[in-house]
Amino acid sequence: MGRRIGWLVALAFLTAAEPSPRGTLDAFADAVVERARPHLSPARDLDVAVAVAGSWPRLGDDLTALVIARLRALGLRSVARGDGDAAWARAAGYERLLRLDLDVGGGRLRASGSVLALTSSPWADAVETRAHLYVEMPLDAELRAYLPAVTTAPGRWQARGVPVGDVDVLALDVGDSDGDGRNEVVGVTATDAIVWAWDGARLVERRRVPLGGRPAATMPRAPVATVVVEKGAVTARSSLFADGVSWLARGRALPARGYVFPGVTTACELAAGGVDWFAAAGCAPSGGLPERFWSVAGLRGGARAARAAIDPAGTLWVSLGAAATAPAMPLTVRGVGAQVALVALDRGEFVATSEPVQAGEADAVVVRALTAGLPVAYRADRLPGNVRALAAGDVDGDGKAEIVAAVRDRAARRTELWMVN
Amino acid sequence: MRATTLAIALATLATTARAETRAQYGGAVQAAIASAPTTFDPLRGGPGDAEVAALVFDTPFVAGADGKPRPSLALALDNADGATRARLALRPEVRFSDGTLLTARDVAASLSRALRDPAGWMLAPIKSARAVGEETVELELWRPAPELALLLATPAAAVTPGGAAPGKRPIGSGPFVVDGSDAAGVRLSPNAACFAGRAYLTSLALRSFATRSDEAGSYEVGSIQVARHAMAALDATGARRAAIAVDGPQALTGFVAVGRIADADVVRRVLALAINRDRLRRLTVREPASVVKAPYDPGRAKSEVERRWPGTRPKLSLLVDSSRFDDRDVAERILADLARAGIDVAIDAVDAAGYQARVEAGRYELLLGSAAPPAPEAALGTLALVAAVDPAAARAALQRAATPAVSLEDTRVVPLFVRAARLYVAPELRDLAIDGAGRADWADAHWLSR
Numbered sequence: 083m084g085r086r087i088g089w090l091v092a093l094a095f096l097t098a099a100e101p102s103p104r105g106t107l108d109a110f111a112d113a114v115v116e117r118a119r120p121h122l123s124p125a126r127d128l129d130v131a132v133a134v135a136g137s138w139p140r141l142g143d144d145l146t147a148l149v150i151a152r153l154r155a156l157g158l159r160s161v162a163r164g165d166g167d168a169a170w171a172r173a174a175g176y177e178r179l180l181r182l183d184l185d186v187g188g189g190r191l192r193a194s195g196s197v198l199a200l201t202s203s204p205w206a207d208a209v210e211t212r213a214h215l216y217v218e219m220p221l222d223a224e225l226r227a228y229l230p231a232v233t234t235a236p237g238r239w240q241a242r243g244v245p246v247g248d249v250d251v252l253a254l255d256v257g258d259s260d261g262d263g264r265n266e267v268v269g270v271t272a273t274d275a276i277v278w279a280w281d282g283a284r285l286v287e288r289r290r291v292p293l294g295g296r297p298a299a300t301m302p303r304a305p306v307a308t309v310v311v312e313k314g315a316v317t318a319r320s321s322l323f324a325d326g327v328s329w330l331a332r333g334r335a336l337p338a339r340g341y342v343f344p345g346v347t348t349a350c351e352l353a354a355g356g357v358d359w360f361a362a363a364g365c366a367p368s369g370g371l372p373e374r375f376w377s378v379a380g381l382r383g384g385a386r387a388a389r390a391a392i393d394p395a396g397t398l399w400v401s402l403g404a405a406a407t408a409p410a411m412p413l414t415v416r417g418v419g420a421q422v423a424l425v426a427l428d429r430g431e432f433v434a435t436s437e438p439v440q441a442g443e444a445d446a447v448v449v450r451a452l453t454a455g456l457p458v459a460y461r462a463d464r465l466p467g468n469v470r471a472l473a474a475g476d477v478d479g480d481g482k483a484e485i486v487a488a489v490r491d492r493a494a495r496r497t498e499l500w501m502v503n
Numbered sequence: 022m023r024a025t026t027l028a029i030a031l032a033t034l035a036t037t038a039r040a041e042t043r044a045q046y047g048g049a050v051q052a053a054i055a056s057a058p059t060t061f062d063p064l065r066g067g068p069g070d071a072e073v074a075a076l077v078f079d080t081p082f083v084a085g086a087d088g089k090p091r092p093s094l095a096l097a098l099d100n101a102d103g104a105t106r107a108r109l110a111l112r113p114e115v116r117f118s119d120g121t122l123l124t125a126r127d128v129a130a131s132l133s134r135a136l137r138d139p140a141g142w143m144l145a146p147i148k149s150a151r152a153v154g155e156e157t158v159e160l161e162l163w164r165p166a167p168e169l170a171l172l173l174a175t176p177a178a179a180v181t182p183g184g185a186a187p188g189k190r191p192i193g194s195g196p197f198v199v200d201g202s203d204a205a206g207v208r209l210s211p212n213a214a215c216f217a218g219r220a221y222l223t224s225l226a227l228r229s230f231a232t233r234s235d236e237a238g239s240y241e242v243g244s245i246q247v248a249r250h251a252m253a254a255l256d257a258t259g260a261r262r263a264a265i266a267v268d269g270p271q272a273l274t275g276f277v278a279v280g281r282i283a284d285a286d287v288v289r290r291v292l293a294l295a296i297n298r299d300r301l302r303r304l305t306v307r308e309p310a311s312v313v314k315a316p317y318d319p320g321r322a323k324s325e326v327e328r329r330w331p332g333t334r335p336k337l338s339l340l341v342d343s344s345r346f347d348d349r350d351v352a353e354r355i356l357a358d359l360a361r362a363g364i365d366v367a368i369d370a371v372d373a374a375g376y377q378a379r380v381e382a383g384r385y386e387l388l389l390g391s392a393a394p395p396a397p398e399a400a401l402g403t404l405a406l407v408a409a410v411d412p413a414a415a416r417a418a419l420q421r422a423a424t425p426a427v428s429l430e431d432t433r434v435v436p437l438f439v440r441a442a443r444l445y446v447a448p449e450l451r452d453l454a455i456d457g458a459g460r461a462d463w464a465d466a467h468w469l470s471r
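Those sequence lines, one after another, are chains A and C.
Each residue of the first sequence is one higher than the one before, counting from 83 in the working numbering.
Each residue of the second sequence is one higher than the one before, counting from 22 in the working numbering.
In case anyone wonders, no lab produced these hints; they're calculated from the structure.
In this text, all values refer to a predicted model and were calculated from it rather than measured experimentally.
If you only want the chain A side, here are some residues facing chain C, beta carbon under 10 Å, derived:
(1) Pro297
(2) Ala304
(3) Gly355
(4) Gly356
(5) Val357
(6) Val418
(7) Pro438
(8) Asn468
Where is the CB? At the ideal position from N, CA and C, for every residue including glycine.
Bound-form chain C, shown alone (with noise of 0.2 Å):
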């Protein structure tokens, strides 16, 4: 057996090219938030709390903008070929924003937190962790696993001090620390401790709204300097202020899920056949956007519901994030198809941390949600909608292989369209990108001139 060691330079932390003319430090930025604030634990919470986690926590990995794991926390992962014990190296001298240091015992049990939790199925294939001195951990692998360092790239392997599941106040080695949240927003301010460089704003407020139209005013009155949700309302007035429209990758799918209801079969059957994912991506969702590939046969949807619920019309809540402004006309068009199917659907849109509740839950008839890639890899995004509504079967693929063959038709959940996030950001501010899981990344953002 070759022993191969990945062993990864140094040199791929330094991915920032910029023009000679360096970022400006400083300079504050308001912005909105993909779905409300609903805690600062990277192992539950929407979009918008994923957003903040990664802000404020380290992983030891990154997936670049290639898609491949570049050294974060890490220095080195040593995980030979067929084997199943690995070892990481990590940074030294790293510390909290509190000024602790970070150590291997910090990255060991937040690992085992993760391994325990249902949320951390995308480290399935790890059996264990523990702390091998200041700044080794081993990793006890279930099945030998080249695809490590892209796992511990994920949401599930950041670092909180001790482990514990961060409080109010979380404490992280992030380019962000928190200054103070409530339900509409999170103040941050740049950690100057982060071992990858203090971040070039002084100040980022992420907030929610209410509305479209409060979001797209907001920006259009300069309150916030990067909206998420405005182009519709934009497109309607007319956009007054400029802004640049900057896409991550298409990598974020919507879905909808049947939850533990009788005849879920059934009814996951007719959604499927009964939603024109076409319509719903064109008027909708819109660009940058592809549909889900799937038969679109609303008269055989209609005559499976007349099948089974003879003379009646059975009546379904769909969940939505009451913050998201875009699931909610998305649930509106699953009302008016199913509606012509023959089921009566109500829309239950509660608030953001409300809907966590319940999808955590298992409360649930149908759910309309969305799953993006813990991670850039294909079987990875598909295992990510597994896990919406169960994520030990999730788990259970992922500790079987790398790639275990999924099938949807399996699951409660109909996929629907697959969309890229887009901000649209003040022309004066630059470097702001989106990566895979729709998240924005804010350290490298900067104004171009104070």
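Bound-form chain A, shown alone (with noise of 0.2 Å):
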């Protein structure tokens, strides 16, 4: 009897002394947990949608299932994966959104983000923040594991600027407007469409379609518009009207519904309520794209059926298509614009954004990689303005791709056309 005691004390020791090998991003899963824990009280009463963004699939989709466990363990009503917008989280009637983004800097991981408390009261505010949390740790082997080295080729990359006077362009797209065998750019203002050809130096104007017809009912206090030149047809919108205009080569501009997008096969309708942003319940078909986006655009001419859309939350999404090799969860990155758009050119496929440098100052044009991790491939800084239009294609006829960027300078009341490739 006294040797089997013996023999359980001795393996009790033994199991005390060597406990299980924990990871390291288990350690940051509870570190995330018991920041956020305080505030999700009463735990046993509580909905909880857990949403990590950040440029690593991988890394979030591990760190969001093993929050999730964790959380569970708590004794929560219930925990699952949402996705960061917390008018989403608190339609699907969850009270708390544990929001987090993830960066790398400095060879640490960093997590920064918020619990958020939702309620459909309409005596409290629809969403309060409860929490700032942070935690960031050391990368080791384990973490840098998740973190794929930028396979990018590094290319030379040049951006330069074409004047095209007054026009505050919302909307650019590239094709064969006319059905010349060559590119055009076509831009919408608020009011216009205009057309634009290379002419080896410079863009020349030739043809300007106005976007009459009833005005709409309701807009957004800034306007927004969007262009599509696809096969000779050139389908433009702008928030003003009721209705686009559509044009086939040299034709008569007849009326169009609904606001399209370069590389998608799907039409839109704004969200209701004078808001600037589209939502998916809008659009037809509606499949792949963000419940509320402020802009999307499609690959063109590249091996998969890329995608990438921007929320109001200045979120981008990106879809890497059906590829076999393609992670389920799309790719984001927080942060970035209004505008995006996509472009194969030889040395890969990109996704650029316009990315705000600081506020009162000038844009940036940020084009990534569309591999994990979406890695920053070239930045267009010091350009002369805010960035209102991103679209891609071949405008000067040497057949590659540029992406092309309307850049606005308000004051000085001017808009160049910067080409980027």
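Grab the two chains, each in its own frame, and use the hints to assemble them into the complex.
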């Protein structure tokens, strides 16, 4: 009997002395939950959504799963994966949204975010920030394995601007708009669609089509517009009007319904209530679109059907397409601007976004490779204004696509089209 | 006669140009108001009421930053050269905040009410307004009015349902709706049905304060994010919270007016000579402001008083809105200047509602106030001063000509200074602008991030 007790004691000591190995990401998840826990009470009455955003899908997926498991262990009524949109979480009936952004810098993995309380009570704010969360940890081998090396071919990037006058361009596309076999740039202001052609040194205005018709019943405070040039047809729409216009080659402009986007076979309407975003529910077809978005673009002429959208929180969502290697979770980057374009160049496929540098200063165009992690391949700073629109296509007829950005200097009332490739 | 159509493109609506990072919807703002709220009627009230009315009601046109009229409820104005009949085409499908359709009948009725009311003097060239169909209003004019679009941008042209004076819960088509109000403030929320787009803020509370230090203290502890009268208090204590000054155009004229009293002409002359406008500006009004050019001759003012009232010191009361802190400071200086000239002035500070009632009834001996041009036009600025004491005279003058020759010497008004409205704004609050009438335009204001 005494011998048996001795063995049990020895076994207990051995177990205590060698705990099961715990990974760095486990510790990271523990730290996140430890900081969020005081703000998740009464636990048994709460339905919680967890949203982790970052440029590393596997890392985001694993961290989400670990955090969810730990929160469930705390006795919360329900815990599920969500997206970072508080309006969505509130509509889906969640009482709390735990939102995290992942970031890497200075050899450390950082998560910053918040615990948001969501309520449908008419007496309280719909969304209330209960706590700000911040966790960081040095990158070790385990964490580094989540961060793939940048595989983008360095290439030589160049950016150059061409003035097009005092036109506040809100949307751009590049394509053959007149059936002559050469591409033109089509820009849309709040009231006009303007066709520019490359003459070897500059962009020359070829045609201007007014976007007339019935005024829109409601419109956003700042106008928005979209344009698509596809197979010789141009379809453009501004939020000032109830309908858009469409024309084929040099034909007459006809009314057209819906807002259309380059590389995406969908037509949308702005969400109701005079806001400046589109709702997936107002798009046909609506599959693969974020619930709410400012802009969306698809990849033309690429190896896959990649798609990118920017939601009204300023988050870029990139779906790399149906390739077998594509991750299930869309890639995200927070803090981008409102414009997006996808481009297939000879050195790879890229997503370009406009990004604010600092309030009141000029914007940047940031080009990221369409691979896991969305590594930054090029950044065009020192632009002479704000980036009002982005598109991609072969403007100068050299057989290679360019990213085209409409850059507006409001004070000088001047717009330049910048070409990046 | 060449018929000209003032067909104003919808393009001019799109004046709000933003950086590519769009404004975020959401967030609340608490802000100080120019004067305590007294009414929602766009034809009545003080500067605080005018600010709220501009947020709740729309006008056929609005004055742009460049001073030119651009269409709001209107699509176009057919106003032929030399004609005395004009046609106003309205936007279709505009709705009031209660969901009812805004039609030509509402516009015609609202204009007709303003034509009957003394406060609607800005529409003086219009003889009558009548609806022709659902989306057209026909205006009969007393004279050809090339400035008609600008006049239709004034508060007198604000459109209410059926042209009725608004009650405690006003219904308008503007970017905000009133959720509630009391003597100290107004609570507003965005009007999702506003044709010009939903305002970015989720809620807006405009309130007045008992004292300037209350207002400054509220800003410093973060209870309000926009202050109006905080500078003196912040200067005294040193600002503990960052603020950005946002100035409107220099267009508000501070004045003192003489009531219907005996020897009003003499009192006016004395006021004009005795008040040291430059010191007034330096010590109370400050920048951005300029003084009205006028001779300062306290000796002559004193001899005028001694000649008219030998051996006695006349006693007068100066009516002041107690919710306008700047006016109270100005009143103190005027009191001192007039005391040197031999007139004893007592400051009669009353609440905003009492002030408005007495101004409209003409029950004051001296009145301290400010007048804003109803639209950015110099002639209208002068007429606004006349209208402060005699709206009928302003109406008659504007009915005669677009730029009537009006001499303030012939009125009971003594202009003192011209100033800009200034707001002290939390740095994270963006795109808050002030118009020429000193009203903050909250529709485009938004927080930098939530």
